[in-house]
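A.B. asks: What follows is each chain in one-letter form.
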Amino acid sequence: VLERTLSHYEPVVGPSILSQLRQLAEPLRGARVVHVNSTREGGGVAEILHWLVPFLGELGLQCSWEVIEGNPDFFNATKAFHNGLQGEPTPLSPEMIDTYEQTVAENAERLRPLLESADYVVIHDPQPAALIGMCPDRQGKWIWRCHIDASAPDAAVWRYLRSHVEGYDASIFSMPEFAQRLPHPQFLIAPSIDPLSEKNRELEPYEILQTLVDLELPSDLPLLTQVSRFDRFKDPLGVIEAFRLLGPSRRAGLVLVGGGASDDPEGAQVFEEVRHAAETNPCIWTIMLPPDAHRTINALQRSSAVVIQKSLREGFALTVSEGLWKSRPVIGGNVGGIRLQLRNGFNGYLVDSPEGAALRLGYLLSHPERADRMGRRGREYVREHFLLSRHLRDYLTLFRSLQSEGRRVLVA
Amino acid sequence: LTTLDLKDCAFTLQMGGVGPAHTLAELDERLQECSPDCLYHHFCHPVLHRRSADTDFPNDLAAWAYRELYDPVLAERLSMINPYALENLDELRSRTLAVIRSRIDESVRSARESAIHAFRFIRAVTVVFPAGVQLHSAADLMRALGEIGDHSLYYHFFEARMANGQRRDDFSAWLGHLPDTGEALLQSIGDLDFYYMTLDEVRQKLLLLLGGR
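Taken in sequence, the protein lines are chains A and B.
Mapping to this note's numbering: the first sequence position 109 is 109, numbers consecutive.
Mapping to this note's numbering: the second sequence position 175 is 175, numbers consecutive.
Read the hints as simulated data drawn from the structure, not as lab findings.
There may be inaccurate statements among the hints.
As the list claims (entries may be wrong) - Label-pair ranges, simulated between beta-carbon atoms:
#, chain 1, residue 1, chain 2, residue 2, range
1, B, Gly165, A, Pro27, 23 to 31 angstroms
2, A, Pro218, B, Arg109, 50 to 58 angstroms
3, A, Ser117, B, Gly212, 35 to 43 angstroms
4, B, Asp191, A, Ala155, 55 to 63 angstroms
5, B, Arg109, A, Gly247, 55 to 63 angstroms
6, B, Asn82, A, Gly362, 41 to 49 angstroms
7, B, Asp200, A, Arg22, 21 to 29 angstroms
8, A, Asp292, B, Gly146, 41 to 49 angstroms
Said to hold, decoys possible - Covered, in the sense of this in silico footprint (three residues per stretch, anywhere, with C-beta under 8 angstroms from a C-beta of chain A), are these stretches of chain B:
#, region
9, 10-19
10, 141-149
11, 187-196
Model, not experiment: these values are computed from the prediction.
Backbone N, C-alpha and C define an ideal beta-carbon position, used for all residues, glycine too.
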């Protein structure tokens with residue numbers, strides 16, 4: 001339950017945006033919407049659903065959020081799907097598929113009445129995708145929301161997932177590059193951040209300082225920070241290499257911080273690899289935080305000179321918008337959704353290698369006034385494109401446009 | 001006719017149903033087969049995100065030619081295709097194809113260049129709904145211009161020209177029905193070079209003209 005309402009956002013987004021949301025939602029009043037994903041905490045999808053569901057409710061829709069449950073074998077299988085969608089060669093064994101389908105079937109037993117009676121069902125990512133085949137008496141529209149960079153998926157994984165996804169009425173991708181050949185409309189909606197959440201709200205300077213003290217981080221060094229799950233696609237080892245390339249004389253500290261997610265079984269292993277790679281350098285800190293350490297992450301981002309997100313594949317990376325919103329320049333991998341958020345040289349830099357990251361880090365550390373200007377532009381860029389008000393508007397418009405039957409203009 | 005119910009609008013973006021274009025030849029091919037809705041989106045909607053009319057390109061094709069094909073000549077030529085000065089979307093399509101084909105003919109380098117990031121065709125569905133504001137006079141319009149969002153302004157000033165068949169914005173059409181509207185005001189609004197402006201600039205210009213009526 002959120003302690004804030006949409007009216008709390010008026011000083012951030014302006015009154016006309018909130019009025020637009022209310023008018024747009026009016027014909028959808030009472031519509032039953034169910035979101036389904038695979039974890040309540042950890043990762044961007046859960047973060048978005050934490051505010052999306054109550055705010056759709058405040059706008060008059062009957063919105064609920066369900067989480068599918070599974071054992072470690074199930075999440076190993078779905079992590080393989082995730083990696084396969086991101087292009088990693090992924091052998092699918094019959095056992096993995098059995099585990100996956102059996103677990104989804106067990107969840108379907110619990111969720112079927114709710115899902116079959118809903119007006120709109122939004123299924124997030126591959127984990128619950130097979131639910132559609134187990135709900136034969138569907139009344140409403142079913143939408144598959146893919147948050148993953150699926151621009152070049154492993155063929156076998158996509159062939160299997162496609163057999164489930166093609167039954168949906170529509171799908172949503174974060175950007176056009178991720179869309180696939182599917183027999184239904186493919187919508188484009190970029191994710192967003194909540195500017196008033198614990199992760200993004202303003203903090204007092206003493207709290208930021210106290211966080212550094214608590215984590216035993218220096219307050220007298222410019223900090224370069226990457227916040228993300230410990231996942232090879234986030235390239236934490238590439239970030240360490242970029243930091244090494246900056247040279248030992250550079251006065252800066254590197255902080256690699258992440259939290260686990262219950263649907264990500266590889267996190268602990270990757271964390272160990274990162275810790276091992278960093279252990280000989282006293283200016284690198286690797287920190288594993290609990291998935292609800294939002295305020296700590298907020299303070300870390302605010303205490304950073306530069307925020308890094310050097311992913312090799314990326315569905316979106318909320319951390320980029322989070323850093324920009326805190327007026328920090330961001331250096332991001334030139335991939336996926338990061339390309340939506342960073343305009344090269346305007347609010348940060350897009351890089352394709354550890355060398356590129358080192359070059360831009362070095363430049364921003366030696367030009368703090370330029371870094372400040374980029375950070376200020378970044379905040380305004382996020383205000384315009386990546387705040388929750390735009391995201392809510394996109395969902396409401398999508399629900400209404402599913403009735404457009406091919407028309408370009410739908411007049412209420 | 002003397003009352004204007006302001007509308008607002010929102011868009012949902014969809015894949016356009018044609019493949020990506022990496023080269024000018026592919027762009028030519030896809031432009032022939034894409035839906036008019038794609039052309040409309042790529043030429044008319046960028047104004048919603050333009051913050052600087054002197055550095056940004058006015059349409060997505062020009063921006064792509066500049067950033068991905070490294071062809072500033074083509075980008076400039078595409079920039080000068082003003083969809084609001086054309087009869088309809090068919091003419092927009094043929095004008096765009098003509099520019100691209102002439103560039104293929106004159107520049108071997110441009111014709112061969114292959115973009116790392118392809119141009120992807122997108123169409124938008126516009127959902128129109130009441131803004132909850134009713135205007136009875138030019139003074140009401142002035143007040144409203146200070147309050148309405150960009151999408152509402154876009155709908156009445158830009159989209160209306162393509163939708164109502166009169167090639168005219170809603171504000172001018174409505175002001176023309178009010179008994180005390182001078183011809184000079186209508187003429188001034190009609191003369192606005194809005195194609196070269198951002199939405200903020202259009203808003204400021206309208207306020208200036210209405211204030212001096």
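A.B. asks: State, for the Cβ atoms of Arg109 (chain B) and Gly247 (chain A), whether the hinted interval 55 to 63 angstroms holds or is violated.
C.D. replies: Hint violated: Cβ distance 40 angstroms, outside 55 to 63 angstroms.
A.B. asks: Taking 50 to 58 angstroms as the hint, is the beta-carbon distance of Pro218 (chain A) and Arg109 (chain B) inside that range?
C.D. replies: Because 52 angstroms falls inside the window, the suggested range holds.
A.B. asks: Can the suggested window of 41 to 49 angstroms be confirmed for the beta-carbon pair Asn82 (chain B) and Gly362 (chain A)?
C.D. replies: 44 angstroms, holds
A.B. asks: For the range 21 to 29 angstroms, tell me whether the beta carbons of Asp200 (chain B) and Arg22 (chain A) fit it or not.
C.D. replies: 24 angstroms, holds
A.B. asks: Is it true that Asp292 (chain A) and Gly146 (chain B) lie within 41 to 49 angstroms of each other by Cβ?
C.D. replies: 42 angstroms, holds
A.B. asks: Can you take a look at whether the region 187-196 of chain B is actually covered by chain A? Rule is 3+ residues, C-beta closer than 8 angstroms.
C.D. replies: Not satisfied, violated; 0 residues make the cut.
A.B. asks: Between the region 10-19 of chain B and chain A, are there enough contacts, at least three residues with CB-CB distance under 8 angstroms, for the coverage claim to hold?
C.D. replies: holds (count 6)
A.B. asks: Within 55 to 63 angstroms: is that where the Cβ-Cβ distance between Asp191 (chain B) and Ala155 (chain A) falls?
C.D. replies: 58 angstroms, holds
A.B. asks: Taking the Cβ atom of Ser117 (chain A) and the Cβ atom of Gly212 (chain B), is their distance within the range 35 to 43 angstroms?
C.D. replies: At 59 angstroms between Cβs, range violated.
A.B. asks: Range first: 23 to 31 angstroms. Now tell me if the beta carbons of Gly165 (chain B) and Pro27 (chain A) are that far apart.
C.D. replies: 27 angstroms, holds
A.B. asks: Do three or more residues from the region 141-149 of chain B put their C-beta atoms closer than 8 angstroms to C-beta atoms of chain A?
C.D. replies: holds (count 3)
Violated hints for the displayed structure, listed by number in ascending order: 3, 5, 11.
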